[in-house]
Each structure stands twice: as C-alpha cells, then as structure tokens.
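A.B. asks: Chains as they are written, first to last, in this note's numbering: chain A, 1 to 114; chain B, 1001 to 1107.
Keep in mind that a hint or two might mislead.
Reference excerpt, derived from the structure (chain B facing chain A, CB under 7 Å, subset only) [unchecked claim]:
1. 1039
2. 1042
3. 1043
4. 1045
5. 1048
Anything over 10 Å on all C-beta distances counts as not near chain B; from chain A, calculated [as the list claims (entries may be wrong)]:
6. 13
7. 29
8. 88
Think of the hints as simulated: they come from the structure by calculation, not from any bench. No residue lacks a Cβ here, since even glycine has one placed at the ideal position from N, Cα and C.
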Amino acid sequence: KAGVTQTPRYLIKTRGQQVTLSCSPISGHRSVSWYQQTPGQGLQFLFEYFSETQRNKGNFPGRFSGRQFSNSRSEMNVSTLELGDSALYLCASSLRLWGENIQYFGAGTRLSVL
Amino acid sequence: KNEVEQSPQNLTAQEGEFITINCSYSVGISALHWLQQHPGGGIVSLFMLSSGKKKHGRLIATINIQEKHSSLHITASHPRDSAVYICAAGDNNDMRFGAGTRLTVKP
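So here's chain A without its partners, still in its complex pose:
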C-alpha cells in the first residue's frame, strides 16, 4: 500500500510569489492534515480536511489556504510568500479525524523563500 505522497519535495520561490503544494493520502484515508515545521516555532498545525470540508484550522493568516478533492487528495496554497514562510510543510493522512487514530506522515515539501 503506497504511503502519503507529497509533491514537490523541494521548492524555491521568491517573496511575493504564491505556491501550491500537493498531498496524496493513503488509499482509503479521508482525513488530510497539514503542518508547518520551522526551527524557531517547531511543528505547528495548519488545517485539517475531511471529506472535502475543512474541519479544523490552526492559527495561521489567511494567506494559507487549502482544499480537498473528492478523491481525498489535498492541496495547500500560500499566497504572497514571505521569508518567514520558509519551512518544511508536512501532510498527514488518517482514516478519521486527528484525535481518533494514527496519523501517517508524508516526507514533506521543503519550501525556501528567497
């Protein structure tokens, strides 16, 4: 069974640009969560999607958005990139919502904003 797949693995952008990251969950998983990891802030929850609906949202500005498709694949978009958005963005999938079951993480997308 394939794991959680995130694309691209690495990305370099400049300030002001926008970026879209993709996450394909494990087959059958309906919940997809996104996280940002930086050396200063550690791991922080961005948002969670379940059955194409955003169920939970962390404390991030509106520049960070996401969506989930009917096949449970999810995309995360960051508009008007700032230097501080440089981070490892991780996606995790699970059968049910976050608190109820094991999360399976992708390898992450490392975003560098120059």
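Given the structure of chain A, go ahead and fit chain B onto it with the hints provided.
C.D. replies: Then chain B, alone, in the frame of chain A:
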C-alpha cells in the same frame, strides 16, 4: 508557558540503555500522539493514546489523564533509535505539539 512541554530537550544514551521521554500538557485532549522524526524530516506516528499503556516492540507509551502526563520509554536502545521524538496533544479542534526531544544513542 507552552501547552505541551517535553523533557528532556536533548538526551544522549549508550546503546542498550533504558530511555524515558516525558510529556506534560495543559490542553484538553481526546488523544495524545508520540511522533518520531528522523534527520531529513520524515515523521512516523508511533502511538496514539487516550488512556493506559501501549507497547510496540521496544517502545512503550503510557498516559495518566488525571495528571496530564505521558511518557515514552525505549528499552534496549539502539543507535537507529536516534531521532527527535515529538509529543502532540489535543482534540479534534486543536492539536498542539511539544518542542521535541532529540535522542542520540551511541554505539
């Protein structure tokens, strides 16, 4: 004060030693998770706990809901256990992460 506190921040052990990593939380939770992150970023979910104790191979996780405390134990530690271990606690509306414990196991 962070809502999820881990200790110690860094831990160095000799191969074969018994290791304990602690996590205290102040948020309400439906579950607590222990995650393992290897160099390069890959994260593996080790345990999801809502009560009691779970064991998987050499790893044991316990949680005391009344005391809002969880521990991760590694028996007979091995250099391949070297990683950052992260505690995550919360409910469906909000999940908070500890800063992580960097474990180095020397041969």
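A.B. asks: Compare the structure with each hint and give your call.
C.D. replies: Hint check results:
no.: 1; hint: 1039; in the structure: 12 Å, violated
no.: 2; hint: 1042; in the structure: 5 Å, holds
no.: 3; hint: 1043; in the structure: 4 Å, holds
no.: 4; hint: 1045; in the structure: 5 Å, holds
no.: 5; hint: 1048; in the structure: 5 Å, holds
no.: 6; hint: 13; in the structure: 18 Å, holds
no.: 7; hint: 29; in the structure: 13 Å, holds
no.: 8; hint: 88; in the structure: 5 Å, violated
Hint compliance for this structure: hints 1 and 8 are not met, and every other hint is.
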